[in-house]
Structures are given as structure tokens and as C-alpha cells.
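Chemist: Residues per chain are reported as follows:
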Amino acid sequence: MERLATQTLLSYKGLFFWLHWPGYLSNVVARPMLMVIMWALLGRFASSPEMVERFILGWIALSIPEILLGGIIQTFAYERSLGVLPIVIASPTSRAFLYYSRAGLHCVNGLTSFALSVLAAVLFLGLDIGSANWPTVLGASASLLVSGAAFSLFVGNIALLRVNWTSVLSWTRSVLMVFTGAIIPIDLLPGPLQPLTGALPVTHGLAALRQGFAGAGAGAVGGELAAEVAVALAYGVVGLALFVLFERTARDRGTLEYEA
Amino acid sequence: MSGLAIEAEGLRRVYRTGGRFRSGREVVAVENLGLAIEAATVFGLLGPNGAGKTTTVRMLATLLTPTSGVARVLGFDVVRQAAEVRRRMTFVFGGDRGLYGRLTGRENLRYFGALHHMRRREADQRSDELLGLVGLNERADQRVEEYSRGMKQRLHLARGLMPRPEVLFLDEPTIGLDPLAARDLRRLIPMLASQGTTVLLTTHYMQEADQLCDRIALINRGRLVADGTPGEIKRVFSRTIVVEAVLREPIADPETDLAGVDGLRYVDVSSDGPSQRLTIQLAEGSSTAPIESALANNLDGLTTREPTLEEAYLSILR
Numbered sequence: 001m002e003r004l005a006t007q008t009l010l011s012y013k014g015l016f017f018w019l020h021w022p023g024y025l026s027n028v029v030a031r032p033m034l035m036v037i038m039w040a041l042l043g044r045f046a047s048s049p050e051m052v053e054r055f056i057l058g059w060i061a062l063s064i065p066e067i068l069l070g071g072i073i074q075t076f077a078y079e080r081s082l083g084v085l086p087i088v089i090a091s092p093t094s095r096a097f098l099y100y101s102r103a104g105l106h107c108v109n110g111l112t113s114f115a116l117s118v119l120a121a122v123l124f125l126g127l128d129i130g131s132a133n134w135p136t137v138l139g140a141s142a143s144l145l146v147s148g149a150a151f152s153l154f155v156g157n158i159a160l161l162r163v164n165w166t167s168v169l170s171w172t173r174s175v176l177m178v179f180t181g182a183i184i185p186i187d188l189l190p191g192p193l194q195p196l197t198g199a200l201p202v203t204h205g206l207a208a209l210r211q212g213f214a215g216a217g218a219g220a221v222g223g224e225l226a227a228e229v230a231v232a233l234a235y236g237v238v239g240l241a242l243f244v245l246f247e248r249t250a251r252d253r254g255t256l257e258y259e260a
Numbered sequence: 261m262s263g264l265a266i267e268a269e270g271l272r273r274v275y276r277t278g279g280r281f282r283s284g285r286e287v288v289a290v291e292n293l294g295l296a297i298e299a300a301t302v303f304g305l306l307g308p309n310g311a312g313k314t315t316t317v318r319m320l321a322t323l324l325t326p327t328s329g330v331a332r333v334l335g336f337d338v339v340r341q342a343a344e345v346r347r348r349m350t351f352v353f354g355g356d357r358g359l360y361g362r363l364t365g366r367e368n369l370r371y372f373g374a375l376h377h378m379r380r381r382e383a384d385q386r387s388d389e390l391l392g393l394v395g396l397n398e399r400a401d402q403r404v405e406e407y408s409r410g411m412k413q414r415l416h417l418a419r420g421l422m423p424r425p426e427v428l429f430l431d432e433p434t435i436g437l438d439p440l441a442a443r444d445l446r447r448l449i450p451m452l453a454s455q456g457t458t459v460l461l462t463t464h465y466m467q468e469a470d471q472l473c474d475r476i477a478l479i480n481r482g483r484l485v486a487d488g489t490p491g492e493i494k495r496v497f498s499r500t501i502v503v504e505a506v507l508r509e510p511i512a513d514p515e516t517d518l519a520g521v522d523g524l525r526y527v528d529v530s531s532d533g534p535s536q537r538l539t540i541q542l543a544e545g546s547s548t549a550p551i552e553s554a555l556a557n558n559l560d561g562l563t564t565r566e567p568t569l570e571e572a573y574l575s576i577l578r
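Chains as they are written, first to last, in our numbering: chain A, 1 to 260; chain B, 261 to 578.
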């Protein structure tokens, strides 16, 4: 546990380049609040008033993987660009330990973004939380956190293959925005695509979150929560397998020490 | 401790250029390399740029998969038992990458200690000890991004020593170090070997290799061309004798003047005050008499000596 804490804390501090007050306030505090306001206004002026709450809750759910994707993908990418990757890979630490410890403190940022997005929605946009069922909301946010972290680690693997991480980050964010029901209702998507949305993080957790804010109890959303956690487990297990596979590929190709 | 710490048989590594969708070509970096390195010794791997030294070290350090052949570190196969190898070895590569610039020197060591299963207290004690050893005690709590290149290189060495490795790979470790720091490092390496660590060192500095290594392997174009003690390399493999000739008057083109000397391999010219010094390499068994007659009245002195490692190296590779 002590080693996990040391690795999590120091790799976070060493690799998280916008870990300074202006960068942190801008990315973890101001951005999620501004985004929720922007989406709400977009809903109000470009669509219909009913869409406002949909957009607000959509963004609140997305705020978690948004911050996790950026932070965790950068962790992998900067390890390569700093030349630390070979040292980390050639260490005796288990691959699972190396892999999962990268998510640690970014999850705190994810929760912070989530909480601030809710706060902004309540303070500035009049989100009604009077009927919210808080255990359900908390359960949904926990499931979003776990799936967001697992998905970000899964995507972060590509840094081992020297793929340009900024473009991967952009399209991954776009996929989550379009195909999870955060902005566009899933039933408006083309038929063949609709079943695929269930394999993405956010989709089920967001459905549970919407019901939680509407007052549904944990029993009513149990299926959605379980589905979101199952998605997280799938990305977590497949991601670790890919991490091991990509490490082997990088050793075969001799690319561990290349800069991205 | 005795026995072999590092072994390689028929080691081969081929790089493929080009991409998945472009045809490329194959570059053989290491070809049929065999090594047998005794435990608790300092072993030098020498060769020109592109000879395959770094590729060899990376294969032994589990960072690169050999295309074929077998390599073992402390009896463990570097491919099939990579985890066992990683528990027992570390590496230090030259250059200033490979550290977390935003962390202090002490935090870097703590992190790398944790990667090697060291507990916080143990890692802190060890880092204090090593920061003192490499002369970074006073800068230990400063961010590494503020370190000079030489300081980063010293911190790399401390990182490599954190888990008390049984095998330490040092790839050009004195690059970027000032003469004092390089001297300190050269003092440290034999001490590590005397404590039981096997050190595999690659370097371009021949004097460093001569001074530090118990045995040396010379590789060129991926192939082993000589393997022995520094003395054996100088005497046996170079098959060269060196003649130092001091001339009263400088001559413009010594190679032309000496062209008829049997076994002439190389002439190096340097100044020695007002006179000129010729360092002449002759094939083993050649006579010095033709030199004396070619230089005749201009000759102020002539001595024969064993080649230095650098001369032997150049002679073997030429």
C-alpha cells in the first residue's frame, strides 16, 4: 500500500505537467464549470428548454472521463517523452501495479470536476436537486469514475505504440460526447449504432445519474449501475492485457526508447 | 561470488526500417554475438558508433527482444525470465533523459526505489547514502529540471545503484561529466565490483576502459572481433608493435618517407617542442631497421613500446 501511494503520488507529480495553480484551476475547476454552462446555454438557444437539463446532466457525467482521459493519457505519453518509460518497464514491479497506479490521483480530479459541475449547474443554471436521490447519484458518479478511469487507461496504452496521443484524445472525447447519450439521445442515433453505445463508458452510468436526479432509488437503477461497472471491468482487464501486449511489441520493435 | 553473471550465445538483432505499409530493409545490428562475463568483474564493451554496443546492452537489460540467440543474466533468460532479470539488474544510460524533471533528486530516487519494491524508510536511507556518494547531497531537494547535465548523469548513477543490483549496465556513463566527476565515477566502479556487483560498461574512452575493465570485448558491425583482458587485447589481438621516433627536423610527409618499410600500418604525427614525433605502428614481427635507415640522420631517438588500448583498438578495427 505504501509503495502504491509512493508510485501514485510521485508519478502524478512528476508527469502531470499542468500541476500548478493556474493550470489546475483552469483545467479541473474552471473548465468543467464553464463547459456545463456552455452546454446548458446551447441547449437553451439552439434547441429547446427541455434539452437544457439533458445537456447539463450529460456534461456533468462527461466531466469525469474528460479530465481522466487528458490526465491519464498524458501520464503514458510523458513517460515516453521524458525517457522514463524504459526504466519503468524494466523494473520488477508487476505490470498490473504499474498500470493501475497511473489512475490514482486523476480520479480525485475526476470527482472534483464532477462536484464543481453539479455546483455550477445548481448555482448558475437552476438545476433542480430537490428531488434527487443522493445515494443513487453517488452510486452513479462512482460507477462513472471507475469506468472513466478504466477507459482512460485503456486508451492511454496507445502511447506505448508511439501513436500521436493528442489526436487520440480528441477523437476519444468526441466519441464519448456523441455516442453515450450525453448530448444526443441514443434513440436518435442510427439504428445499427445504438447497441454499440452500451459498450462505451458513461452510457449506463449517465442513465443511472439522470434517474438519480429524478429521484429514482438505487434498486431502480441497479441494472444500469451494474452494466457501467461491467463496462469498467471489461476495459480494465482488456486494457491491462493490451499494456502487456504493447510492451512486448515495443520490445520486439525496439521502440521503447523512442520519443513519441 | 564466482561463475558467469552474463552469458550470450549466437545473439542476433535485426531492425526493420520502413513501416507497416511501406517496404523497408533489414539492418543487422548484432550478429552471432557470444559473451561470457564473470561475476563481480568490470567488463568493457567497446566499438565504434553503430557497432551494436547499445543494442547488446538493451537486449541484456530486457528492453529489446533478440531476433535470435540466447542471453542469460545471472542464469535467467532475458526473454523468458525477464521478470527475474529485472529483480537483479539496473542500467544507467548516458544522457540527461530518464528522470522526472518536476521531482527533486530525492523524490526521483524514492520513486525508483518504490519501483524496486523498496519501502519508504529504506529508500530514503539508501538515497541519502547515494546522494552523498555522487556528490548531490546539497542539491537533493532541488527539482531535477534545474540540474546541469552532469548532475543528472550523477543522479542516474544513484538511481541505478538504488536497489543494490547484482548486475549493473553502464552505457557511456561518463558522457557529459566534468573531469572531476568522471574521475569520481571511475573510482566507484571498481569498488562496486569488489562488493560483488558485475558491471558491464560501454565507453568510447579507451583510457577509461583500460583503467577499469577486467576484460574487454571489441565489437564491430555487430560482430565480436576481440575478447580478452586489456593486456591481451593490446598484445595479442592488435598484432602490432609501436615505434616512437623523435626527429630533429620536421618532415612534411612521413608516410611517403616510410612507404617502403615492411609491415607499416599507420603513422601518427605530433609535435614535441621544436622536434617532431612519429608514432609508427608496425605489424607484429616487423623490424625497426628499415625505419632507422629511412629517417637516417634526422633521427634523434627511437623506442619501441606496447600499443595503448586505443592504438590496439584502432589497429584491430582498421
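Misleading hints may appear alongside valid ones.
Chain A stretches covered by chain B per the calculated footprint, using a threshold of three residues with CB under 8 angstroms from any CB of chain B [unchecked claim]:
| hint | stretch |
| --- | --- |
| 1 | 2-15 |
| 2 | 103-114 |
| 3 | 139-145 |
The following label-pair restraints were derived from C-beta to C-beta distances [unchecked claim]:
| hint | chain 1 | residue 1 | chain 2 | residue 2 | range |
| --- | --- | --- | --- | --- | --- |
| 4 | B | Q455 | A | R248 | 29 to 37 angstroms |
| 5 | B | Q455 | A | H20 | 52 to 60 angstroms |
| 6 | A | L245 | B | E515 | 54 to 62 angstroms |
| 7 | B | R403 | A | F124 | 37 to 45 angstroms |
| 8 | B | Q471 | A | S167 | 46 to 54 angstroms |
Treat the hints as calculated values from the structure; they're not laboratory data. On a predicted model such as this, the values are computed, not experimentally measured, just so you know. Backbone N, C-alpha and C fix where the C-beta goes; we use that ideal spot for every residue, glycine too.
Chemist: Could you run down the list of hints and mark each one as holding or not?
Modeler: Hints, one by one, checked against the model:
no. : hint                                     : result
1   : 2-15                                     : holds (count 9)
2   : 103-114                                  : violated (count 0)
3   : 139-145                                  : violated (count 0)
4   : Q455(B) with R248(A): 29 to 37 angstroms : holds (34 angstroms)
5   : Q455(B) with H20(A): 52 to 60 angstroms  : violated (42 angstroms)
6   : L245(A) with E515(B): 54 to 62 angstroms : holds (58 angstroms)
7   : R403(B) with F124(A): 37 to 45 angstroms : holds (39 angstroms)
8   : Q471(B) with S167(A): 46 to 54 angstroms : holds (51 angstroms)
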